[in-house]
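Q: Sequence:
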Amino acid sequence: AAVRLGGCRYALAGDVRRECAHQCKARRDGRGGRDGRAAAGASRMEVARWDVRRLPLRAGCIDAVIMDFPWGNRHKASHALLAEAVGECGRVLRAGGTLLILLPRSEAARLARLDTGLAPLRTMPLVVG
26 AAVRLGGCRY ALAGDVRREC AHQCKARRDG RGGRDGRAAA GASRMEVARW DVRRLPLRAG
86 CIDAVIMDFP WGNRHKASHA LLAEAVGECG RVLRAGGTLL ILLPRSEAAR LARLDTGLAP
146 LRTMPLVVG
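First residue of the sequence shown: 26, per my numbering; consecutive thereafter.
Hints should not be assumed to be uniformly reliable.
Said to hold, decoys possible - Simulated pairs of lysine to any residue, SDA-like, Cα-Cα distance not exceeding 20 Å: (1) Lys50 with Tyr35; (2) Lys50 with Gly115; (3) Lys50 with Ala73; (4) Lys50 with Arg83; (5) Lys50 with Ala84; (6) Lys50 with Ala105; (7) Lys50 with Ser103; (8) Lys50 with His104; (9) Lys50 with Pro81; (10) Lys50 with Arg74; (11) Lys50 with Val77; (12) Lys50 with Gly85.
Quick caveat, the hints were computed from the structure, so don't treat them as lab data.
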């Protein structure tokens, strides 16, 4: 899927797993995507290898975070990891920033009960396929 960066000046992407960070870089550069084209605005996107529980960013420096948390049969992420990740995203977000988390509906209710210091505004259905 293409990454649309819209009006942002700069975007960061990352994953703790080396192979996933390399795949993201390949898609950014037009290698490995379905159509072989680079994502619109991708030249303004940097890709790093990092742990979402300890982002190498100062507090309050990010306008928005989109997190595609690992769920499903291949990835069994714990709720403790989700709580840590959401807390860390809250740390790097500026006041009034936006955190969008992609996760199964069954997990959305659990997210609302986590002690993260952030309050969910709403859940929305998303069909992928």
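Q: Each hint needs a verdict: does it hold in this structure or not?
A: Evaluated hints:
1. A threshold of 20 Å between alpha carbons decides the hint, and for lysine 50 with tyrosine 35 the separation of about 15 Å falls inside it, so the pair holds.
2. Between lysine 50 and glycine 115, the direct Cα distance comes to roughly 25 Å. Violation of the 20 Å bound is thereby established for this hinted pair.
3. Restraint check: the Cα-Cα separation between lysine 50 and alanine 73 comes to about 9 Å, which is no more than 20 Å; the hinted pair holds.
4. For the hint pairing lysine 50 with arginine 83, the CA-to-CA distance comes to about 23 Å; that exceeds 20 Å, so the pair is violated.
5. In summary, the hint linking lysine 50 to alanine 84 is not supported, as the alpha carbons are separated by about 25 Å, beyond the 20 Å threshold.
6. For a cut-off of 20 Å, the pair hint linking lysine 50 to alanine 105 is broken: about 29 Å separates their Cα positions.
7. For the suggested pair lysine 50 and serine 103, the alpha carbons sit about 27 Å apart, so the restraint of at most 20 Å is broken.
8. Between lysine 50 and histidine 104 the alpha-carbon distance is near 28 Å, which puts this suggested pair outside the 20 Å criterion.
9. Proposed proximity of lysine 50 and proline 81 is supported: the alpha carbons are some 19 Å apart, at most 20 Å.
10. Between lysine 50 and arginine 74 the CA atoms are separated by roughly 11 Å; this keeps the pair inside 20 Å, and the hint holds.
11. Using a Cα cut-off of 20 Å, the hinted pair lysine 50 and valine 77 holds, with the two alpha carbons roughly 18 Å apart.
12. For the proposed pair lysine 50 and glycine 85, the alpha carbon gap of about 26 Å is over 20 Å, so the pair is violated.
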